Amino acid sequence: MARLPCLHPQAVIFDLDGTLLDTAPDIIAACNATLEHFGYQPISEALARTKVTAGMREMLKLGVPVAEHASADIEGVMRSYFAQYYVEHICVYTKPFAGITDLLDDLKRQQVKLAIVTNKYEHMAQELLQRFAFYPDLEVILGCDSITHSKPHPEPILKTMEQLNVQPYETVYVGDHLNDIMAANRAKVISAAALWGYGGNECGKPESWHADYLLPDVAALRQLTMGTTS
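Note that this note's numbering has the sequence shown beginning at 739, numbered continuously upward.
Be aware that one or more of the hints could be misleading.
Below, a list of computed lysine-lysine pairs in the BS3-like style, where the Cα atoms sit at most 25 Å apart [to be verified]:
1. K926 <-> K943
2. K846 <-> K926
3. K943 <-> K897
4. K846 <-> K833
5. K846 <-> K897
6. K799 <-> K943
Simulated from the structure, these hints should not be mistaken for lab results. Values in this document were obtained by computation on a predicted structure and should not be read as measured data.
Start from the sequences, fold in the hints, and give me the full structure.
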């Protein structure tokens, strides 16, 4: 891995799914439980991962024949069942990506402000994050329903910076999806693409996203934000 500069940011803002936490196993399990409840066959993990951050409706469509999308009420009853099942089983398999917990601890020790900006509903994000020891260190947790415009609009990142009292040039936003990088660039913060996440399965090659940094693993994020690799 090429040596990255150390930015010494005042704040690091994270996306949640596919960046901070590996939530895909629980999301996929909820999708398949929903499909089976309504009489459809479960979908493969490989297929599900092509839409794991696209939202519940888009995942469900993978398992329902196109001709039945309207009659199955994907937008209504199926989505509601999915959401309820997921909340009730929100942290069965979910865990932080390797190295994340130690990095958060070390950033906090260096008095770097930590926050979450996610397109997950805020109550879901709170319900999930409170299961982890680093939860009290997160100064802002902002979901898609916390603001008027969600990512790729810059509003959630701008609002988070305002609450943290930091400037764009001293803020790093880390996300695994094209929408994350678009939002970060529009907010004029330092954008870092988390290549360990899910976005590469949905959004094409990350090299085309125009991120300031492409990070192959959490060790690279540590190097970028702290200047160390361990």
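Open item on the list: For a C-alpha distance cap of 25 Å, please report whether K846 and K833 respect it.
Closed with: holds (20 Å)
- [ ] Quickly compare the C-alpha distance for K846 and K926 to 25 Å and report which way the hint goes.
- [x] holds (23 Å)
Open item on the list: K846 and K897 were given as a pair; does the straight-line alpha-carbon distance stay at or below 25 Å?
Closed with: holds (21 Å)
TODO: Would you check the hint for K943 and K897, treating anything up to 25 Å between C-alpha atoms as holding?
DONE: Judged against 25 Å, a Cα distance of about 29 Å means the pair is violated.
Task: Proposed proximity, K943 with K926 (alpha carbon, max 25 Å) - done: holds (22 Å)
Open item on the list: Need the status of pair K799, K943: alpha-carbon distance at most 25 Å?
Closed with: holds (24 Å)
Hint 3 from the list above is the single one not met by this structure.
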